[in-house]
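Modelling step: build the complete structure from the supplied sequences, incorporating the hints.
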Amino acid sequence: MAKKKPTPGRIRKAEYNAELRRLQTELVAMQEWVRESGARIVVIFEGRDAAGKGSAIKRVTEYLNPRIARIVALPVPTDRERGQWYFQRYIEHLPSTGEIVLMDRSWYNRAGVERVMGYCSPDEYRRFLHQAPLFERMLVEDGILLVKYWFSVSDHEQEARFRSRLKDPMRRWKLSETDLLSITKWVDYSKAKDEMFVHTDIAEAPWWVVESEDKLAARLNMINHLLSIVPYEHREPPRVSIPHRPQGADYERPPRELNRTVPDHAATLGGDSDASG
-15 MAKKKPTPGR
-5 IRKAEYNAEL
5 RRLQTELVAM
15 QEWVRESGAR
25 IVVIFEGRDA
35 AGKGSAIKRV
45 TEYLNPRIAR
55 IVALPVPTDR
65 ERGQWYFQRY
75 IEHLPSTGEI
85 VLMDRSWYNR
95 AGVERVMGYC
105 SPDEYRRFLH
115 QAPLFERMLV
125 EDGILLVKYW
135 FSVSDHEQEA
145 RFRSRLKDPM
155 RRWKLSETDL
165 LSITKWVDYS
175 KAKDEMFVHT
185 DIAEAPWWVV
195 ESEDKLAARL
205 NMINHLLSIV
215 PYEHREPPRV
225 SIPHRPQGAD
235 YERPPRELNR
245 TVPDHAATLG
255 GDSDASG
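For the sequence shown, my numbering gives the first residue as -15, with consecutive numbering after it.
These are computed hints drawn from the structure, not numbers from a lab.
Where a beta carbon is used, it is the ideal one built from N, C-alpha and C, also for glycine.
Hints may be right or wrong, so weigh each one.
Derived SDA-like pairs: lysine to any residue, alpha-carbon spacing no greater than 20 Å straight-line [stated by the list, open to error]:
| no. | residue 1 | residue 2 |
| --- | --- | --- |
| 1 | Lys42 | Lys199 |
| 2 | Lys158 | Arg147 |
| 3 | Lys199 | Arg(-6) |
| 4 | Lys42 | Asp139 |
| 5 | Lys158 | Trp170 |
| 6 | Lys175 | Arg110 |
| 7 | Lys42 | Arg155 |
| 8 | Lys199 | Arg110 |
| 9 | Lys199 | Ser138 |
| 10 | Lys(-3) | Leu7 |
Here are the computed distance ranges between Cβ atoms for each label pair [said to hold, decoys possible]:
| no. | residue 1 | residue 2 | range |
| --- | --- | --- | --- |
| 11 | Arg51 | Ser136 | 28 to 34 Å |
| 12 | Arg229 | Asp63 | 51 to 57 Å |
| 13 | Pro215 | Leu253 | 47 to 53 Å |
| 14 | Thr9 | His77 | 40 to 46 Å |
| 15 | Thr9 | Ser136 | 25 to 31 Å |
| 16 | Leu113 | Arg54 | 25 to 31 Å |
| 17 | Arg(-6) | Ser80 | 14 to 20 Å |
| 18 | Pro215 | Arg111 | 31 to 37 Å |
| 19 | Gln231 | Arg155 | 19 to 25 Å |
| 20 | Arg54 | Arg219 | 18 to 24 Å |
The structure is reproduced here in structure tokens:
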């Protein structure tokens, strides 16, 4: 079967895989520096629906220790949370020493979805635009490295991705009514994003735009950029030696027949019996 030709201007899959592996190796090195140095990092992922935020987060965290690198994706606020100071529910998810927090959407919901869909009042919106830079400056002043990414995608590519999800039973759950409304409210979201940038693109925590028309390239670009602005140093991991396993002379394993064993479904599929993973 002939190999599928890459789309003109898009990265080849083999090149992507090789570079992704290199970058993920560097992310592990960065993680070790964060753990040892006690650094605190917050990475915000915002952008258009279907722009590739989730897939980028997945590649960042794929080989990281979940005790060090946490993903925060908050649900719709509860009635109690709606009665709090807007930033309050995000504060408890901020990193402690030696932690990385990746926010799949963040307090910027107020400047995007809530603003466009009318889920907040004009006063709440104006208050957010005033307070967000103050809040972020406090975080940075306290020593947190705050990185903000905006994933950008064209209207045509977004709609194509929506249609692809609609046909895929494993990704159909990603389509919500709010996502689909983003098609009809494209200009409203554009205006909201522009105004948000005017007020919150501050020197202490600027916005970095990730062009995401090509998802594979976007992931590589975003990860490479993150590595370039985190001042990490390579640390040699502690040497570990595997101990000698003592003979279990005083132990006799119970008969396997006493166990409730999961049926061997894989054996019914055929194929290479030596496959491992």
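Inset, instruction - Taking the numbered hints from earlier one at a time, note which ones the structure violates and give those numbers from smallest to largest. - result: Violated hints: 4, 8, 14, 17 and 19; rest satisfied.
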